[in-house]
Amino acid sequence: MSEQSRHTALHTQHEAHGASFTDFGGWQMPLKYRSELQEHHTVRKAAGLFDLSHMGEVLVTGPEAGEFLNYALVSNLAVIAVGKAKYSLICTPEGGVIDDLITYRLAEDSFLVVPNASNAGVVAEELRVRAKGFDVAVEDQSEATALIAVQGPTAEAVLLDLARPEDADTIRGLKYYAAVELELAGLPVLLARTGYTGEDGFEIFIGSGFAVRLWDEALRAGSAHGLLPCGLAARDSLRLEAGMPLYGHELGLGTNPFEAGLGPVVSTKKADDFVGRSVLEPLKAVEPARRLVGLRAVGRRSARAGYDVVVDGTRVGSVTSGLPSPTLGYPVALAYVASEYSDPGTQVQVDLRGRPEPFTVIATPFYRREKPAGSAQ
Amino acid sequence: MSNIPEGLYYTAEHEWVSEPAVDGTVRVGITDFAQDALGDVVYVQMPEEGTGVTGSDVIGEVESTKSVSDIYAPVSGQVVARNEALDDDPSLINSDPYGEGWLLEIKVSDPSVVQDLLSSADYSQQVG
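For the protein sequence lines, the chains are A and B, in the order given.
Under my numbering, the first residue of the first sequence carries the number 69, and numbering increases by one thereafter.
Under my numbering, the first residue of the second sequence carries the number 1399, and numbering increases by one thereafter.
Next up, chain A with everything else stripped away, as it sits in the complex (with noise of 0.2 angstroms):
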């Protein structure tokens, strides 16, 4: 596979604003401007911009798309209300994760499924295979579609300089994992309250032929209230406090969601039978062998993902994703542990290259922000 990683439509805005790039999931992605760990602390103070054009959209319509959904993701779709948004995954048969991803209820027979970057076009064309025998159409809409994202307790700010007047208070309200249509920019846009920082933020989804004016217009609002241009770096690290997980590193085909801490999002009420349940729906009731746990440093050396956890010089898990905390000012770790050791405060070490340093095994999300008081979420 050498094919040559995609560019989206803002990649002459990150140029002109020097940033460096990095492949992820076949794109060519901003993976910091100048300074990965400023682009952090500016999401925790104020606000940062991502371009997030890489991630998947994929139009589901028809009298059955509720139905349809209740079939191919794990979670309970036909449920949620226009307007509202729902995390959920797309599951093998075997009850393997092809994806994790958020999909958003437009019309009460119109949804948007939002899956990650490198896994668009596997979900687009599952989706469209599972299809089969529901009144319903499949569009990839990945090409069309770009995502920009304001993150950071200065976001609403933004948003308001953005938006018309009238709409002042229907972007104030917009409460979490929901959406709605209106103008920025005098630009049409689904503005949805989602995000993957850990901190109050949107995610606006625009067709890729206004991406362009739309950032430049958010750049300039920004500007008053502390808003820089963030890359994919310190969206990792901003995900990583936050206990987010990334496909890849904590879900993956050889994870089911019960070990990843995603029991809740598995709906083993709904009727409707779903791809993976008649194998989800037993493991339910029983405890995983291994548990998605927090990990914090004891010392001030990082783990790393693909790192061994040890307990008594035998291995008993690995780490996932680990670095640094900038805001937190120590290491923190995501790792799979055989269950035994996934309480809070038991004590593990991490084979960090060789040498072996205690960690300990504390509750997620390492980093929750202060909500204030009479916040809409």
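Careful, some of the hints might be misleading.
[Stated by the list, open to error] Partial list, computed: chain A residues near chain B (C-beta under 7 angstroms):
| # | residue |
| --- | --- |
| 1 | S103 |
| 2 | E104 |
| 3 | S305 |
| 4 | R368 |
| 5 | S370 |
| 6 | A373 |
[What the hints assert, rightly or not] Chain A side only, calculated, beta carbon under 10 angstroms to chain B, not exhaustive:
| # | residue |
| --- | --- |
| 7 | L99 |
| 8 | K100 |
| 9 | L105 |
| 10 | Q106 |
| 11 | H108 |
| 12 | P392 |
| 13 | G397 |
| 14 | P399 |
| 15 | D419 |
| 16 | L420 |
| 17 | G422 |
[To be verified] Below are the DMTMM-like pairs computed for lysine to aspartate or glutamate, each with C-alpha atoms no more than 20 angstroms apart in a straight line:
| # | chain 1 | residue 1 | chain 2 | residue 2 |
| --- | --- | --- | --- | --- |
| 18 | A | K154 | A | E135 |
| 19 | A | K338 | A | E132 |
| 20 | B | K1464 | A | D376 |
| 21 | B | K1464 | A | D91 |
| 22 | A | K352 | A | D411 |
| 23 | B | K1464 | A | D419 |
| 24 | A | K152 | A | E132 |
| 25 | A | K337 | A | E135 |
| 26 | A | K352 | A | E162 |
Quick caveat, the hints were computed from the structure, so don't treat them as lab data.
Note that the Cβ used here is the ideal one computed from N, Cα and C, for glycine as well.
With chain A held as given, fit chain B onto it using these hints.
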């Protein structure tokens, strides 16, 4: 283009070594190319003063949020100084890799081996 000053010696592991002083002491750091690839440095681990080191052994590490790089001893000798300023401000490695962001001073057992390291021209070719 990364900055590769003349008058220093370089290693394939992206470290620089100064011209030995009269007493055979060299200063060691990581190159501009290395700091840029690593990203914002948040933690440095280095041997204490007085530690004996052997050329090409791993003697420490430099960590950013994104990744971690081993520090190799570029030459054999004894650590005679470590840059204590990095304990408080490891970002000096990013802002001034050839100056305030130096790592260690090593008193080299055989100063002539320094001549066998890469020249700035050799190293430039390596990092393209």
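Original post:
Going straight from one Cα to the other, do B:K1464 and A:D376 come out at no more than 20 angstroms?
Top reply: holds, 19 angstroms
Subject >> chain B contact restraint for A:S370 - C-beta distance below 7 angstroms >> reply: holds, 6 angstroms
**OP:** For the pair supplied as a hint, A:K152 and A:E132, confirm whether the alpha-carbon distance does not exceed 20 angstroms.
**Re:** Distance ~18 angstroms between A:K152 and A:E132 Cα, so the pair holds.
Subject >> Distance restraint between B:K1464 and A:D91, which requires alpha-carbon spacing of 20 angstroms or less >> reply: Distance ~14 angstroms between B:K1464 and A:D91 Cα, so the pair holds.
Original post:
How about A:L420: closest beta carbon in chain B under 10 angstroms, or not?
Top reply: With a closest approach of 9 angstroms, the A:L420 hint holds.
Subject >> Interface restraint verdict for A:R368 against chain B (beta-carbon cut-off 7 angstroms) >> reply: The hint holds - A:R368 has a Cβ within 7 angstroms of chain B, the shortest such distance being about 5 angstroms.
**OP:** Against chain B, run the beta carbon of A:L105 and see if the smallest gap drops under 10 angstroms.
**Re:** holds, 4 angstroms
Original post:
Given the hinted pair B:K1464 and A:D419, is their alpha-carbon gap at most 20 angstroms?
Top reply: The given pair, whose Cα atoms are some 18 angstroms apart, holds under the 20 angstroms limit.
**OP:** Starting from A:K352, check that the Cα of A:D411 is at most 20 angstroms away, please.
**Re:** holds, 19 angstroms
Original post:
Minimum Cβ distance from A:A373 to chain B below 7 angstroms?
Top reply: Check failed: Cβ of A:A373 comes no nearer than 10 angstroms to chain B, outside 7 angstroms.
Original post:
Is the hint on A:Q106 kept, meaning its closest Cβ partner in chain B is under 10 angstroms away?
Top reply: For A:Q106, the interface hint holds, since the closest Cβ of chain B sits about 8 angstroms away, which is under 10 angstroms.
**OP:** Double-check A:H108 for me: the hint is only fine if its C-beta lies closer than 10 angstroms to a C-beta in chain B.
**Re:** holds, 7 angstroms
Hints 6 and 15 from the earlier list are contradicted by this structure; the remaining hints agree with it.
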